[in-house]
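Please put together the full structure from these sequences, using the hints given.
Protein chains: 4
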Amino acid sequence: MPRELRLRRRVQFYETDVAGIVHFSWFFRYMEEAEHALWREAGLSIHPERSDIGWPRVAAACEFHRALKFEQEFDIAIRITDVTKRTISYACEMSQDGQKIATGTLKIACVAKLPDGSMKSAEIPADVADRLKPFAYRPSAIEDRSPDTA
Amino acid sequence: MPRELRLRRRVQFYETDVAGIVHFSWFFRYMEEAEHALWREAGLSIHPERSDIGWPRVAAACEFHRALKFEQEFDIAIRITDVTKRTISYACEMSQDGQKIATGTLKIACVAKLPDGSMKSAEIPADVADRLKPFAYRPSAIEDRSPDTA
Amino acid sequence: MPRELRLRRRVQFYETDVAGIVHFSWFFRYMEEAEHALWREAGLSIHPERSDIGWPRVAAACEFHRALKFEQEFDIAIRITDVTKRTISYACEMSQDGQKIATGTLKIACVAKLPDGSMKSAEIPADVADRLKPFAYRPSAIEDRSPDTA
Amino acid sequence: MPRELRLRRRVQFYETDVAGIVHFSWFFRYMEEAEHALWREAGLSIHPERSDIGWPRVAAACEFHRALKFEQEFDIAIRITDVTKRTISYACEMSQDGQKIATGTLKIACVAKLPDGSMKSAEIPADVADRLKPFAYRPSAIEDRSPDTA
Numbered sequence: 001m002p003r004e005l006r007l008r009r010r011v012q013f014y015e016t017d018v019a020g021i022v023h024f025s026w027f028f029r030y031m032e033e034a035e036h037a038l039w040r041e042a043g044l045s046i047h048p049e050r051s052d053i054g055w056p057r058v059a060a061a062c063e064f065h066r067a068l069k070f071e072q073e074f075d076i077a078i079r080i081t082d083v084t085k086r087t088i089s090y091a092c093e094m095s096q097d098g099q100k101i102a103t104g105t106l107k108i109a110c111v112a113k114l115p116d117g118s119m120k121s122a123e124i125p126a127d128v129a130d131r132l133k134p135f136a137y138r139p140s141a142i143e144d145r146s147p148d149t150a
Numbered sequence: 001m002p003r004e005l006r007l008r009r010r011v012q013f014y015e016t017d018v019a020g021i022v023h024f025s026w027f028f029r030y031m032e033e034a035e036h037a038l039w040r041e042a043g044l045s046i047h048p049e050r051s052d053i054g055w056p057r058v059a060a061a062c063e064f065h066r067a068l069k070f071e072q073e074f075d076i077a078i079r080i081t082d083v084t085k086r087t088i089s090y091a092c093e094m095s096q097d098g099q100k101i102a103t104g105t106l107k108i109a110c111v112a113k114l115p116d117g118s119m120k121s122a123e124i125p126a127d128v129a130d131r132l133k134p135f136a137y138r139p140s141a142i143e144d145r146s147p148d149t150a
Numbered sequence: 001m002p003r004e005l006r007l008r009r010r011v012q013f014y015e016t017d018v019a020g021i022v023h024f025s026w027f028f029r030y031m032e033e034a035e036h037a038l039w040r041e042a043g044l045s046i047h048p049e050r051s052d053i054g055w056p057r058v059a060a061a062c063e064f065h066r067a068l069k070f071e072q073e074f075d076i077a078i079r080i081t082d083v084t085k086r087t088i089s090y091a092c093e094m095s096q097d098g099q100k101i102a103t104g105t106l107k108i109a110c111v112a113k114l115p116d117g118s119m120k121s122a123e124i125p126a127d128v129a130d131r132l133k134p135f136a137y138r139p140s141a142i143e144d145r146s147p148d149t150a
Numbered sequence: 001m002p003r004e005l006r007l008r009r010r011v012q013f014y015e016t017d018v019a020g021i022v023h024f025s026w027f028f029r030y031m032e033e034a035e036h037a038l039w040r041e042a043g044l045s046i047h048p049e050r051s052d053i054g055w056p057r058v059a060a061a062c063e064f065h066r067a068l069k070f071e072q073e074f075d076i077a078i079r080i081t082d083v084t085k086r087t088i089s090y091a092c093e094m095s096q097d098g099q100k101i102a103t104g105t106l107k108i109a110c111v112a113k114l115p116d117g118s119m120k121s122a123e124i125p126a127d128v129a130d131r132l133k134p135f136a137y138r139p140s141a142i143e144d145r146s147p148d149t150a
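Protein chains in written order, with our numbering: chain A, 1 to 150; chain B, 1 to 150; chain C, 1 to 150; chain D, 1 to 150.
Careful: at least some of the hints might be erroneous.
Across the chosen pairs, the derived CB separations fall in these ranges [claimed, not checked]: (1) Ala122(D) with Arg66(A): 50 to 60 Å; (2) Gly117(B) with Arg40(C): 15 to 25 Å; (3) Ala112(C) with His65(B): 46 to 56 Å; (4) Pro48(D) with Ser121(A): 24 to 34 Å; (5) Arg6(D) with Ala112(C): 28 to 38 Å; (6) His65(B) with Arg40(A): 28 to 38 Å; (7) Asp52(C) with Lys69(D): 15 to 25 Å; (8) Gly117(B) with Gln72(C): 35 to 45 Å; (9) Ile53(D) with Asp116(B): 50 to 60 Å; (10) Lys113(A) with Gly43(C): 48 to 58 Å; (11) Asp130(B) with Arg66(C): 54 to 64 Å; (12) Gln96(C) with Pro115(A): 31 to 41 Å.
To be clear, the hints were calculated from the coordinates, so they are not data collected in a lab.
C-beta atoms are modelled at their ideal positions from N, C-alpha and C, and glycine is treated no differently.
As structure tokens, this is what we get:
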């Protein structure tokens, strides 16, 4: 059974806007918080100091079902839905007392940092794929990773 | 010919992250900046003081093609792709010297603010639809607005 | 003995900047997080829904001694240093493994929200002052609150 | 006559909070925007790629006199108030139609980035001091820069 990472979080004042609710841009940050907690749970850091690889986002999407307000507590659940040779995809659900608040997806790519400061697509290191395996929805996706077509 | 709203913008220091590039959450704020500029260009404010309607986001998505760095200038172009009785959809492209940086979509819904602080789906006021018409990709979408199924 | 409120917090990725450290603007948000946690600890919310008073900041300052980096854990300690009829002042220290990271101050004022949307200076409600008393450095400051000269 | 850098800016939706006004943390970002514009006006970038020096903030303070709301336009004026061998201090005023909104100060230090990722206090390069001279309140402060005692 694939594991998901669950996080409880309280809405901070600076996350709200004049409409009285959490600004939609924050949900993407909530997803990232959960993603990085998942990596820590897997014994990894997504950005160790002096690493020569990086993990830029290639796509992010979110649907908003209900509003969140100042000081409310809510849950974030994230799991890995796909791993290819060069990308990782996540699905995320934010909820409050079991009620769905928002659902989102995130896709990141592995890149190598070149000496001139630019980035180049790279294969996911084997040890990273190994450690993330328990969180993958389809572990086969990691063992038999398909080549990327993009 | 539908009009689009174009905005030139410079990357601020606080928009960057430790990976050395603009944090992905900012692209959703860039889209919103362009959306609100489009409303102003149409003679509207998306959040006038003491208004009893509001425009929460129901969906947002973005694909990231290239990175943006501190102090770089870039362009945001936004246009309306669909208008239903209760929602407005936008398409957005961020580019730099003609090179695509990111492409995104945004869908907002019209809501009425109830006395108890909650929100309820509402029809888009006719004068708002009228003023946004010149920016709609398919103006017919506004004249003959389809009922919402969601 | 006045109590302080202590909070342990981890640096999030979106709080860092291209210099590789937490952007200085975040320290003011860290202070606010601790302030609101102190209010909750005192049985209060600084922004209850439908309240007719508010607590805008009148001054904020911070000195930065050391940098914080992605994923590092640190502590925030906040206490009330002064309470007048209309204002509350806090002192805050952010530290990591006992080493001082930053020290700051925050001063907020009580205001009444007028029907036209503007704000007017107001006296701190007695029950709020009562509940905050245990966190005040000089409890006398609350009992014998001096008139404000500004 | 020392020059100041003036910037006109519009309040963005994501800069507001549930109290209906610009969140106080944003004023520190407004100051930084003006600071970096001043450096560009002086022919400099405060963070060129691949530079081995940096400019962390050592202190920041702001007093808030009036609130700013969504879509309002306001002005930021910044000037250099002091330059020592290792630090630069700024004074900043944010105003709207001539009315003072907020006044702040910012002090930054020059640091050298060490190979291990840490930072070490460094002297301000002569060409940087030269280029900033026209913006210094007391140009003598640059020509006859006092040694730092901290």
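Earlier hints that do not hold, by number: As far as the earlier hints go, not one is violated by this structure.
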